[in-house]
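**Q** Got chain A sorted already, so can you dock chain B onto it with the hints?
Protein chains: 2
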Amino acid sequence: MKLRYKIKLAYDGTRYAGYQSQPGSISVQQVLEEALEYVNRSPVRVHGSSRTDAGVHAKGFVAHFDLDHKIPTTALVRAINAHLPPDIRVMGAAKTKPDFDARKWAKGKEYRYFLYNANILPPHLAPYWVSVFRKMDVDAMQKAAKYFIGEHDFAPFAANPHRELSSTVRNIFDFTVTKNGPRIVMKVKGDGFLYKQVRSMAGFLIRVGQGDEKPEAVKEILDALEPRTARVPTAPGKGLFLWKVWY
Amino acid sequence: MKLRYKIKLAYDGTRYAGYQSQPGSISVQQVLEEALEYVNRSPVRVHGSSRTDAGVHAKGFVAHFDLDHKIPTTALVRAINAHLPPDIRVMGAAKTKPDFDARKWAKGKEYRYFLYNANILPPHLAPYWVSVFRKMDVDAMQKAAKYFIGEHDFAPFAANPHRELSSTVRNIFDFTVTKNGPRIVMKVKGDGFLYKQVRSMAGFLIRVGQGDEKPEAVKEILDALEPRTARVPTAPGKGLFLWKVWY
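Protein chains in written order, with my numbering: chain A, 51 to 297; chain B, 51 to 297.
Bound-form chain A, shown alone (with noise of 0.2 Å):
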């Protein structure tokens, strides 16, 4: 009989080639699936709720797996992170239904942005925060956000819209663009997003606070859907963090 489990995973996306695992390439995944076969004493398949790309970090991603062998949560938890790098880490584990998916039950995701508006980037905040030197106009990407929440065909702003399985259409609940000295930090809520679409709004964003574009420009795009060019440039990924997933 298979037992699953969920776990939430953080991890410091800096060394790896995303979440899901590519030939020829280290991902997290492949390094939690490592640790998961010493526990199991087999090979365990980890199912993840979203696939994060190159150099994106985590800190509420969640997973699914079955085990062979009932083990309480706690000694889980440990037993995993004792065989994980210290740039991964298991920060909680439950039992669950073992039908539970981690991408198909997920109903939100939080995704959150960081930019360092300033002439120097601090050392310690450069793994994972995005320098911009030039003064950013955070109402103007606050007026852009607002733009984006509600139900809309995000095809825009997905790297390769005609590669997505289903629908380009996605429903963002919040976006909010907030600044506390040299840090602006964007929050973005939805039901899900497409390949690198954070990252592709975190872009125009970056452009809008810049003043390259004025925030109406959004609507604008998303209204005409507008065929991805150069206005639409994708931020980098070592300054996205997927933050929560809820279910």
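Please note that the accuracy of each hint is not assured.
The list treats identical chains as one, so a pair stands whether inside a single copy or across any two.
As the list claims (entries may be wrong) - Restricting the straight-line Cα-Cα distance to at most 25 Å, the calculated cross-link-like pairs of lysine to any residue (SDA-like) are: (1) Lys288 - Arg65; (2) Lys147 - Gln260; (3) Lys269 - Asp224; (4) Lys58 - Tyr166; (5) Lys109 - Ala176; (6) Lys120 - Ile170; (7) Lys145 - Gln80; (8) Lys185 - His133; (9) Lys109 - Pro136; (10) Lys229 - Leu175.
Keep in mind the hints are simulated off the structure, nothing from the lab.
The structure presented is a predicted model; accordingly, all values stated were derived computationally and were not measured.
**A** Below, chain B alone, put in the same frame as chain A:
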């Protein structure tokens, strides 16, 4: 004519064998001197305020050097940083007196040591925080820290007291231990510190926090000038920051 400059430096010590150049390993000084050679167009020797150990970080390290040409400080900071990796940053620069000496003129230094007292160390804190699982008695640590304050012979808390160039007497101005959730921060200010003194004091305070030593033991060891034993462990370098140097 040589022109003397002082800079404030921040670095993530993870990748470096310490501040000072040593054969066969990469130091912060070496990387900095290579960047300055580009800027100055001939070799520059950098003189640091302190010799931080392998893995130790800095937020406000001070150094001085001489350039062949006068360069405005804003341009100088930008030029050096353009040739440095992101884990070393010049945070500021100023032209200074020709006899300014970053080490000899220092009147005091502040170090901070970061402990994370919980079962799981989040991956994004892993490079800068040292994990302690056992519940710490912070009041006992604070009490113990107070015994370090004042002028003492710190030989019992030095790595190699007989190798120190002059006296092993130092004056500690202040030493506090504070807690905020799982985060315990030790802050120590003094006129100078012996080799590995801060990490040794931190290592002893960790033992006090875990109940392995009484706070009064600090006074006993100092008064008795007790030879160094396993009673005084050296806490890991990665939890230590050179925070500030003043003149």
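**Q** I want to check one pair: lysine 145 and glutamine 80. Are their C-alpha atoms no more than 25 Å apart within a copy, between two copies, both, or neither?
**A** Classified as within: same-chain Cα gap 22 Å, cross-chain 52 Å, threshold 25 Å.
**Q** Between lysine 120 and isoleucine 170, at a C-alpha cutoff of 25 Å, which is it: within one copy, between copies, both, or neither?
**A** Answer is between; shortest inter-copy Cα gap is 22 Å, intra-copy 50 Å.
**Q** Within a copy, between copies, both or neither: where do lysine 109 and alanine 176 come within 25 Å Cα-Cα?
**A** Result: close both inside a copy and across copies, 17 Å intra and 13 Å inter.
**Q** How would you classify lysine 288 and arginine 65 at a CA-CA limit of 25 Å: within, between, both, or neither?
**A** both (11 Å within a copy, 19 Å between copies)
**Q** Please sort lysine 269 with aspartate 224 into within, between, both or neither, judging by C-alpha distance up to 25 Å.
**A** within (16 Å within a copy, 57 Å between copies)
**Q** With identical chains, the pair lysine 109 and proline 136 could be close in the same copy or across copies; at 25 Å between alpha carbons, which is it: within, between, both, or neither?
**A** both (14 Å within a copy, 23 Å between copies)
**Q** Are the CA atoms of lysine 147 and glutamine 260 at most 25 Å apart within a copy, between copies, both, or neither?
**A** neither (48 Å within a copy, 40 Å between copies)
**Q** Which holds for lysine 229 with leucine 175 at a C-alpha limit of 25 Å: within a copy, between copies, both or neither?
**A** both (16 Å within a copy, 22 Å between copies)
**Q** Is it within, between, both or neither when you check lysine 58 against tyrosine 166 at 25 Å Cα-Cα?
**A** Between copies only: 19 Å across chains, 27 Å inside a chain, cut-off 25 Å.
**Q** With 25 Å as the alpha-carbon cut-off, assign the pair lysine 185 and histidine 133 to within, between, both or neither.
**A** between (44 Å within a copy, 23 Å between copies)
In this structure, only the earlier hint numbered 2 is contradicted, and the remaining ones agree with it.
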